[in-house]
Amino acid sequence: MTSQTIFRTLLERPNVISSKYQAKQLHAQILKLEPSSPAHLSRLISIYSNFNLLHESLFVFNTLHSPPVLAYKSIIRCYVANGLLVQSLDLFLQMRSSGKKPDHNVFPSLLKSCTLLSDLKLGESVHGCIIRLGMDFDLYTCNALMNMYGKFQKVFSDKFRIEQNVSLNQARYILPQTNANSTIINQRYSKTNCRYMVEVDRRGSIMDSVKRVFEMMPKRDVVSWNTVIAGNAETGKYEEALMMVREMGSENLKPDSFTLSSVLPILAEYVDVHKGKEIHGYAIRHGFDNDVFIGSSLVDMYAKCARVEDALQVFNILPQRDSISWNSIVAGCVQNGLFDEGLRFFHQMLKAKVKPVPISFSSIMPACANLTALHLGKQLHGFIIRVGYEDNMFVASSLVDMYAKCGYIKVARWIFDRMDVHDMVSWTAIIMGYASHGQAYYAVSLFEQMEMEGVRPTYVAFVAVLTACSHAGMIDAAWRYFNSMTQNYGIDPGLEHYAAMADLLGRAGKLDEAFELISSMHRPAGSVWSSLLSACSVHGNFDLAEKVAKKIFEVDPENTGAYVLLCNIYAAAQRWKDAAKLRYLMRNKGIKKTTAFSWIKVKNDTHAFVSGDKSHPCYDEVNETLNVLLEKMEEEGYVPDRNEVLQDVESAEEIPYCLATKRQLPSFGIISSFLGQQFE
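So the sequence shown is numbered by UniProt numbering: it starts at 1 and just counts up by one.
Do not take every clue at face value.
As the list claims (entries may be wrong) - No farther apart than 20 angstroms at their CA atoms in a straight line, the calculated lysine to aspartate or glutamate pairs in the EDC-like style are these:
hint: 1; residue 1: LYS378; residue 2: ASP340
hint: 2; residue 1: LYS237; residue 2: ASP272
hint: 3; residue 1: LYS254; residue 2: ASP221
Hints listed in this document are in silico derivations from the structure and should not be mistaken for laboratory results. These figures come from a predicted structure and were not determined experimentally.
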């Protein structure tokens with residue numbers, strides 16, 4: 001074979017050129033044999049652009065007097081690959097002004113430029129050009145169009161969710177004019193609604209564009225289906241997404257790993273573990289289970305379906321683990337209450353040299369908050385500052401929650417005030433923090449400030465403000481917030497809201513009103529009735545207590561706390577026969593009072609105190625300190641309350657022993673503080 005034959009073979013089959021060195025050798029041959037051939041030079045530009053050799057491509061391109069379409073589209077593709085997006089669009093305009101008609105291979109690169117520039121209008125202009133040139137039926141061009149619209153839809157959806165923290169249902173309600181500030185609230189909220197509806201229309205029209213392109217395609221491949229399925233999943237149209245997966249199968253197209261990664265989050269949202277297992281089986285049969293994205297989606301799906309063991313099994317067999325898979329298992333453990341496991345996996349992630357991202361910290365911080373592990377929370381806070389994530393909204397919100405739950409409400413407020421933008425998590429965390437610390441004024445004030453800023457309260461936010469009202473005895477304010485849930489925001493009160501209201505009314509002695517409120521619930525839980533039973537005990541309403549206890553036993557026949565509390569109530573009323581019958585019933589049912597358990601952390605050691613247990617090495621010192629404290633309290637007028645002690649305690653001397661378990665903890669803390677040890 002002559003050198004000319006080899007030369008022509010290389011030009012006709014450019015894919016055989018596998019290195020930049022070979023491309024430059026071919027360039028030398030062209031200069032030697034046919035230096036002025038536009039066809040050969042255009043092929044050479046295409047080869048150079050495949051290797052992203054922009055300088056060499058432009059050098060050859062500029063030697064052409066009238067570059068053909070192949071040369072233009074090769075340079076456009078090379079511009080995009082090198083991030084020169086504006087230049088790629090300018091060159092397209094230059095090609096059009098020179099009278100050249102672009103082919104279908106030009107537009108995927110141009111649409112990618114529009115996406116990366118975040119310019120939807122420009123993308124729609126390119127779409128119009130595609131239609132005018134009659135290329136809107138080309139498979140690859142249509143896939144590129146749907147991909148562009150899908151990316152824009154996701155950007156607008158995520159951006160607005162972060163900025164406004166509202167949903168489509170939330171935009172349907174308007175705040176009433178109930179006070180002097182309501183006009184301002186309505187004005188601000190109306191602006192928020194207008195912006196929201198503009199964004200909803202925008203996102204809806206983008207998804208409509210994707211569907212129109214899809215429906216007009218004469219032929220669709222897996223990429224086409226995946227784009228529309230992913231778009232439906234991201235916009236919350238889960239049923240449509242699942243239906244399209246079924247339709248995809250009816251057209252003899254098999255779902256690939258991208259299809260599964262779009263479907264699994266839907267099943268996680270529906271908590272449909274059975275269909276999730278079907279998808280898992282499909283992934284195993286088709287070899288997708290080793291894919292890190294599928295593995296991470298499976299971990300997330302199982303965790304959200306409360307199947308942590310399955311999530312751990314999937315995670316442990318992953319051949320490779322990236323940041324997404326590590327974050328999925330950490331978040332899964334924490335969400336299911338396995339806080340120690342979550343911390344262990346986070347530590348393993350760091351040992352595996354996987355760099356934490358903001359979601360890593362916002363996922364693990366609730367573990368520190370729920371364990372009240374302040375020292376770990378502080379360590380993570382320091383880590384966050386070192387990696388520069390302290391200004392991230394989600395990370396800052398998790399810090400607010402952690403410090404508030406660990407008792408550092410001032411630090412929580414300082415972090416909250418530093419935030420540029422507050423999401424619903426941060427608002428709820430700081431409001432609940434103040435409520436838990438008994439500072440109802442600040443909690444209610446922040447709730448009203450949140451409304452003033454146009455942020456629509458959520459289910460959890462109302463739990464926080466009602467809890468604050470309960471602790472402060474703010475009955476009128478609590479009723480106002482409770483009623484506004486349904487009247488102004490369309491939120492149906494849940495168990496937590498009724499419990500807070502029942503607790504408030506019970507504390508205020510409005511027991512009959514509390515009874516009526518709980519009775520109005522669709523299915524009152526035993527925990528809500530138990531709150532009222534405690535109030536009946538405090539206020540000495542023994543008749544109502546019996547009615548409430550019956551309600552509890554109807555829904556929760558083995559509620560130990562209710563039996564014990566009712567027994568105490570009988571003892572306080574000196575109804576010894578009733579108390580004896582109840583204790584006999586408890587014994588027959590095998591119901592026993594839950595053992596009291598408390599713990600305190602001194603330095604790095606956790607000290608536990610269990611009712612009736614004398615094994616602690618400092619037991620004698622603790623009780624001696626406790627007796628001293630009790631003597632001081634009695635000197636100040638303290639009288640032990642027999643109503644809190646079961647009726648089988650026969651003498652006043654036994655009462656301190658019965659109540660000692662609750663007080664051993666602070667006694668040990670006092671001893672430790674005298675020894676110069678820090679305790680939590």
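(message) For LYS237 and ASP272, compute the direct alpha-carbon distance and say whether it is at most 20 angstroms.
(response) holds (16 angstroms)
(message) What's the verdict on LYS254 and ASP221, does the C-alpha distance respect the 20 angstroms limit or exceed it?
(response) Satisfied, since the Cα-Cα distance of roughly 10 angstroms is no more than 20 angstroms.
(request) Could you grab the alpha-carbon distance between LYS378 and ASP340 and see if it respects the 20 angstroms cut-off? (result) Holds, at about 17 angstroms.
The earlier numbered hints are all upheld by this structure, with none contradicted.
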